[in-house]
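Chain order of the listed sequences is F, W and B. Sequence positions in the first sequence follow the numbering used here and run 1 to 794. Sequence positions in the second sequence follow the numbering used here and run 795 to 889. Sequence positions in the third sequence follow the numbering used here and run 890 to 1178.
Honestly, the hints are just simulated from the structure, not real lab data. Mixed in with the good hints, there may be bad ones.
Here are some chain W residues the structure puts well away from chain F; computed CB gaps all over 12 angstroms [unchecked claim]:
hint, residue
1, E822
2, R851
3, G852
4, G856
5, E863
6, L866
7, D867
8, A872
9, E874
10, V875
Lysine-lysine pairs mimicking PhoX-like chemistry, simulated, CA-CA at most 25 angstroms apart [to be verified]:
hint, chain 1, residue 1, chain 2, residue 2
11, W, K860, F, K161
12, F, K485, F, K526
13, F, K485, F, K310
14, F, K617, F, K665
15, F, K403, F, K310
16, F, K526, F, K565
17, F, K161, W, K818
18, F, K161, W, K809
19, F, K387, F, K428
Beta carbons are placed, not taken as given, at the ideal position from N, Cα and C, and that holds for glycine.
So you can see what is in the structure, the chains are spelled out below.
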Amino acid sequence: MTRAETIPTTPTRERPETPVSTPGRVGESTTRADGVPKVTGEFEYSSDLWMDGMLYGATLRSPHPHANIWSVDTSEAEAVPGIFAVLTHEDVPGRKVCGMEVPDQPVLAWERVRYQGEPIALVAADHPETARRALEKISVEYEVLDPITDAEEAMREDTPKLHLSGNLLRHIHVVHGDVDTAEADVVVEGEYEVGMQDQAFLGPESGLAVPDGRGGVDLYISTQWLHIDRDQVAESLGLEPDQVRLHLSGVGGAFGGREDLSMQIHSCLLALHTGRPVKMMYNREESFYGHVHRHPARMRYEHGATRDGKLVYIKARLVFDGGAYASSSNAVCLNAGTFACGPYDVPNALVDSYMLYTNNPPCGAMRGFGAVQVCFAHEAQMDKLAKALGMDPVELRIKNAIKPGDRFPFGQEVPPPAPVAELLERLKAMPMPEEEDITGRDLRRLPGGVSNVTHGEGVRRGVGYAVGYKNVGFSAGFDDYSTAKVTLSVEGGEPLVRVHTAAAEVGQGIVTLEAQIARTELGVNKIAVLPADTSIDSAGSTSASRQSYVTGAAVKAACEAVREKVFARVREEFGEDPDGLSIEDGNVVAEGHGIVVPLAELLDGEEIGELVKYRHKPTYPLDENGQGDAHVQFAFAAQRAIVEVDEELGLVRVVEVATTQDVGKAMNPQALEGQIEGGIAQGLGLALLEEIQVKEGRIQNASFTDYLLPTILDMPPVKMEILELADPDAPYGLKGVGEPPTIASTPAIVAALRDATGRELNRVPVKPEHIVGISGPTGQPPQPGSRGPAAERA
Amino acid sequence: MMPGYTRAELTAELKVLPSREGGKAPREQIEAARQAASESGLAHEAGPDATVLAGDRGEVLGAMMKVIEASLDAGAHAVEVKVEAEADAPRFGRG
Amino acid sequence: MEFLQPATWREALEAKSAHHEAVPIFGGTDVMVEMNFDRRRPGYVLDLTRVPEIQVWERENGKFRVGAGVTYTRIITDLKNELPALAMASRTVGSPQIRNRGTVGGNLGTSSPAGDALPPLYASDAEVELASVEGIRRVPVGEFVTGPKRNVLRREELIWGFIIPEAEGPQQYAKIGTRNAMVIAVCSFGLALHPARRKVGTCIGSAAPTPVRAKEAEEFIEGVLAEGDLWETRGAISEAALRRFGEMVEMSARPISDVRGTAEYRRRAVGVLARRTLSWAWAEYRDGR
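Excised from the complex, chain F in its bound form (with noise of 0.2 angstroms):
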């Protein structure tokens, strides 16, 4: 065997082609405003805040998972040259519990603390060092509780309640047809669990709270939806919402991690209480545990087909552990719930969905918000099913794809366009990269990279695939909006549109296209996109795939609002006929004979400004058997992994990752293919590196030198297919794109990975250990190249 280049003189990766940086309309690459800042570090980010005089804020936190507090003793800490304030509840002056769903959780702990990490006090320094140090000085007696740490242990009758309601949080049962009676040739079981993974955004919880010497407060904060946070802040400063304004400051990345409060009610109570402006800042420890991560689950499944492959019945028993505190468990159950049988047309299932509190680290939205968790399960059941078939695993898909005029298991009719079988043709059609010979590669394109473990021995290749879906918005009768303010105007002799809405801007581009759809509406160049704040109502969260569709539409609605009254203006000046009407490059062109006027002219000094408040369609709850047309809009993709995985260490490297996706319309193809590459990595890491791990409701790995994120060299080339199939009740057609990339993604690779090794692979995040076949309770490894159990039912 030849030697390989340990130290490879080469780059790792070609750089990418410089895009197309010319303002874009919808359609066009358009480059991102903040992208060169933020690459050159001059993007400042809500971390980078500053104002003069200012505060630093900083918490206390339970170091016990369950414990009874007897007493809370700060005249040490309020001592400490340089604090300015150490408060506990009895300083929060409003309503004193605050969550996204339920108010359940304290804004800062009276007598008891549910999670390793729960708020007790807060004080607020001159320097953050000598906040921290006072932290130290607060003394607080605890009664250690046993704590509650496991989600099944919780739904018992004899267990302690940790809440009021019970520790059952939400029961989502669904029941399609009749399993008990349905006949099944063929029947496949299965147990799966899914670890607790983190949106691990690198911009870490800060914000600023500055009071406005009247009694009220502005902040500046991250998050994804200042709206709710809004509002929860007033109620709980006993505040009325106007005297609390919140501006969107710059966001590290959030991916639902910052749908919940962390410090905002915290820094407005030191602002309000010191009379100074606050900052407050979590550093990267104290960030794991001060938001919530996604629901770890098991999941157990019961797949029943016909001999040639038609689905018969699905059964799934889903049990979430919500942790703590609510959060937004309640609508991941019900997503959970619904998604369960996955993309396909079963004409019996039965599926129950059960959210439980315990208290292990509060669990909540993030990206994939429970699809991800049933589709590990459900696509590990569909190649389960194909191979006691004997069938190939990506025909077993199509013939069950689920199509337009269809009925999901939740009653709802599938709309179109659903072109899940299409997904999976053209996946299966996408050619195969060419097979590298193992001799002399490149150590970075081996498993383990150029940490030097193999040179090819024991290295084995596997194809794995997988098909998701999800909704796109929020579901279930919940009133989905958002608000755009759009105003045409002349600065400099030249037409400019500011556009105005309360969208967080997370990294994921709503700024840059909501600046595309007005020009594309009002063929003027130079657009404004205001900075987020509340001074406008709401825009809803950036979450749930959603911004591009319904912030999209209000701006598109304001803009063609805006663009009527500038026809009735030509009209009534030039007698034009609005119909044949248009602008263009900032004059208004009429069909026929050029240009009647440019709108600097038309406008003359004055401005023409429309706020519009769009809903999309309606959806309503799920009755008691699960039935209801819940979801508004759903978008499919499919994914084929390849991976490359060495046996006797059981490394991997993931060598490609190919999928496709319906989107609608691509608004941005360059910001497409990063949604779609990054929701690829996020499922990579669930599926091989990320998981946050909680030994009796500590976490024992709240740092990124052990919460592992994929790097440049763990992430593969991707290959991807858009379809374009307009949804014709959306703006330009669009389907929402963020999650579905990350939900097909994780069970693609581990189906690879059982290509690769015939090792059964239950659990995500895979560890070598178990491709080696080191697992289970005694530590007797299974027999290597072991296949699951497939009960068969002659």
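Knowing the structure of chain F, use the given hints to seat chains W and B on it.
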């Protein structure tokens, strides 16, 4: 006003003001109220001595009475009650 | 906290002598983490980045004296042919930014069983040079590290650097991490062939309280090579002998289970790395290097 995904038809916030003469110890008076609240399945802790019931109008009113009764039976002299019907109140729009 | 900034090695030794509790810092990739996490708040920090004497390496009688301030990047670029296992190990450290600042001196000062640079030092019988105002002493690296993050450095001493023989035969280093970059070793293995002395040097990393040589495995394979006169003939080592070598290396490991891996996995993996690295080094030897 309770922000959040779904707003209950009715919410009732109850604060027990324990008495020091007769009846059970103040802590137990609050516990009795909590116990009654928790049996309804609609309750959440809202503060050191406050509980919130949220749900349909009928069930919240019913549970509320039970909580008040339990508190009085345990010796409390006063129960502060605040009832809010918020289902149609506008959200996020003020400001 | 006082920040001492000596401009020469002599000044640094004097400062350490005057302030025993001063913590030396060069790249800071370990020390700064400890300070930021509040695990260590020394009254004095001794900044060695201005001391030129420890930032050099030099040849001395077939050995290399490498100062404690030579970064991983410099070892990779300057010494990859002369000290191949150490250069391979340096390449696996962190990321480019960390390699630009981190040093082997720091690895020695921290004395973590997971220190990437340590196994190659053990496998080549390196020595650590310690200095104080009183004088210099050299300690074999195996005696320098005494336990997890413990070593024999005296309070008035500083690490000048290390002395390691130039590679006289093929060397290898392999490290297991669940991710392809920026990982703390789950376990690692360093190997060096010493044809002139007919010896094989090995070291297991991150699978015991300190880096540990697999002595029995070394004796075993040295015996196999001697018996078959393989050093001379450059013939193949049998599959069975390679396998046995791996098994014997496993027996020298004393791993624990933690967030990064289980004890059993570490033990097995170290055996696999041992077998593979020996086969690569021997193949290189057979090619006539």
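Here's how the hints hold up against the structure:
1. E822: E822 of chain W clear of chain F: closest Cβ-Cβ about 14 angstroms, beyond 12 angstroms.
2. R851: With a cut-off of 12 angstroms, R851 of chain W remains clear of chain F, as the shortest Cβ separation is near 17 angstroms.
3. G852: holds, 17 angstroms
4. G856: holds, 16 angstroms
5. E863: Check passes; 17 angstroms lies beyond 12 angstroms.
6. L866: holds, 19 angstroms
7. D867: Given a closest Cβ separation of 19 angstroms, the condition holds.
8. A872: holds, 20 angstroms
9. E874: holds, 14 angstroms
10. V875: About 16 angstroms separates V875 of chain W from the closest Cβ of chain F, which puts it past 12 angstroms; holds.
11. W:K860 with F:K161: Holds, because 20 angstroms separates the two Cα atoms, which is no more than 25 angstroms.
12. F:K485 with F:K526: holds, 16 angstroms
13. F:K485 with F:K310: violated, 51 angstroms
14. F:K617 with F:K665: Between K617 of chain F and K665 of chain F the Cα gap is close to 19 angstroms, so the pair holds against 25 angstroms.
15. F:K403 with F:K310: The hint holds at about 15 angstroms.
16. F:K526 with F:K565: Between K526 of chain F and K565 of chain F the Cα gap is close to 19 angstroms, so the pair holds against 25 angstroms.
17. F:K161 with W:K818: holds, 23 angstroms
18. F:K161 with W:K809: It holds: about 21 angstroms lies between the C-alpha atoms, which stays within 25 angstroms.
19. F:K387 with F:K428: holds, 18 angstroms
In summary, the structure is inconsistent with hint 13 from the numbered list given earlier, while agreeing with all the others.
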